[in-house]
Amino acid sequence: MTRRSLIALVALASVPAFAATSLEQAQKRLHAAIDEVLAIADKATSREALVERIGPVLDKHISFPVMTRRAIGPGWRTFNQDQQKQAITLFSKLIIRSYSNKFTIGEHPEIKYQSAAQPDVGRVEVTTTTVYQGNRYAVVYRLEEAEAWRTCDVVIEGVSMVANYRSQLDPVFKRGGAAAVLSSLEQSAARPQ
Amino acid sequence: MNSLLRLALVAALPLLSQCTSTARKASSTAPTIATSKPAKAAKKTAAPATKAEPMDDLDEYAVVEINDPLEKLNRGTFWLNDKLYLVIFRPLSKGYETITPKRLRKGIYNAFENVKFPVRLVNSLLQGKVKGAGLQTEKFLVDTVAGLGGMIRVSNKIESLSSLPDEDTGKTFARWGMGHGAYIVLPFLGPCSVRDSVGLAGDYALNPVNWGYFWGGEHDWTMIPPYANTLRALPGQLGTYDDAKRDAIDPYISIRAAYVQFREEAVKK
Chain C
1 MTRRSLIALV
11 ALASVPAFAA
21 TSLEQAQKRL
31 HAAIDEVLAI
41 ADKATSREAL
51 VERIGPVLDK
61 HISFPVMTRR
71 AIGPGWRTFN
81 QDQQKQAITL
91 FSKLIIRSYS
101 NKFTIGEHPE
111 IKYQSAAQPD
121 VGRVEVTTTT
131 VYQGNRYAVV
141 YRLEEAEAWR
151 TCDVVIEGVS
161 MVANYRSQLD
171 PVFKRGGAAA
181 VLSSLEQSAA
191 RPQ
Chain Y
1001 MNSLLRLALV
1011 AALPLLSQCT
1021 STARKASSTA
1031 PTIATSKPAK
1041 AAKKTAAPAT
1051 KAEPMDDLDE
1061 YAVVEINDPL
1071 EKLNRGTFWL
1081 NDKLYLVIFR
1091 PLSKGYETIT
1101 PKRLRKGIYN
1111 AFENVKFPVR
1121 LVNSLLQGKV
1131 KGAGLQTEKF
1141 LVDTVAGLGG
1151 MIRVSNKIES
1161 LSSLPDEDTG
1171 KTFARWGMGH
1181 GAYIVLPFLG
1191 PCSVRDSVGL
1201 AGDYALNPVN
1211 WGYFWGGEHD
1221 WTMIPPYANT
1231 LRALPGQLGT
1241 YDDAKRDAID
1251 PYISIRAAYV
1261 QFREEAVKK
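Taken in sequence, the protein lines are chains C and Y. Residue numbers for the first sequence, in the numbering used here: 1 to 193. Residue numbers for the second sequence, in the numbering used here: 1001 to 1269.
Be a bit skeptical, because a hint or two may be false.
[To be verified] Derived EDC-like pairs: lysine to aspartate or glutamate, alpha-carbon spacing no greater than 16 angstroms straight-line: (1) Y:K1157 x C:E110; (2) Y:K1245 x Y:D1068; (3) C:K102 x Y:D1242; (4) Y:K1268 x C:E110; (5) C:K174 x Y:D1250; (6) Y:K1269 x C:E157.
[To be verified] Here are some, though not all, of the chain C residues that point toward chain Y, as calculated from beta-carbon distances under 8 angstroms: (7) S63; (8) R69; (9) G73; (10) R136; (11) E157; (12) D170.
No lab work stands behind these hints: they were computed from the structure. Each residue gets a CB set at the ideal place from its N, CA and C atoms; glycine is no exception.
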């Protein structure tokens, strides 16, 4: 066997192992993120406290720039750097609040990890069943690897958070461009809860 | 009411067939109803992109679309429903939550879901899911006998029964190849499509809580089960509505997109 074919063989053999490692790493990261969030939610005494404490944790585990970019879609290219920064800040605020609102103080969700798949290199989808307030929900976490594995979308019972915002922001962008998108994000983020 | 329902069905049928053919036509060229799956993943199996522009992660998600020719009217009904929820249904729901302990509420909710067994059974069979129909029957028997008439979901502890998909007539129509047709916001009931509204009529007829009303004559008591059925579902439904609306940029589109994605996912199961 030549040296080249030996290298090729080793490389080929290591592909499944690499995939398995990615799956494991992503799942491990998601477990850690969920545990961290649940620990905060369990200790929270008010919704305001929950939002305040959960923000930095979500910031660590969720890729807000990726989510914002995809929620805005191709129109993102027309945003200047300042507008992009502002959009990410506002969108993060909205997502953190939206995620925190899913918790009812004093209720502990039970998460059952069902399966994990790697639809593409650097992408992992973890399917879970969440039992919350006596109801069962299928929740899929979409993770992508940049510097670390981060969640880029959460799909609850088939409803993707990013696709939902993308559908709302698309007509806004078509109507008034980046300025209209920023204004609508500002209005939503400022809406009293 | 029977004749009213029949009239509504007859009136909706031409709309349905028209919309179905529109949906089929659209699906033969490009999927009109985008799923929540990233567009890139879908592209691997779909026809090659005809766009000249290269794909990047900005095109990752498609806009969730559904034929909405009645958007102006729908937005009006959406606004009206929002006010109705605020003025009538939310106080009713709050009152129900106040006078009924949480565990009892859950029990009542479960019992009404359990009684919907004919809806699940008939639609499993209509979709050709014979094994599914058997499991639905098993679930119903287990919950009815061991779960105090369905108040306790004993079946949740049995793996084969714990995550059986819900079945309904709209889903059956979808499995038979019918498209959504036009999107409609129904007064009181909220987001729906022509296909699913006809399905709703089927579910209504198959649900035993409405049978007294259909066949029990003009007695007042026949209204109690349907009203109770509405009341027990209110807290959950209003919660879902609030969730979808609260952080929305355009609540109408947010709920429409969530409805389309949710139904697409339900049909896959």
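- Any hints this thing doesn't respect? Which numbers, in order? Hints 2, 4, 7 are the ones this structure does not satisfy, whereas the remaining hints hold.
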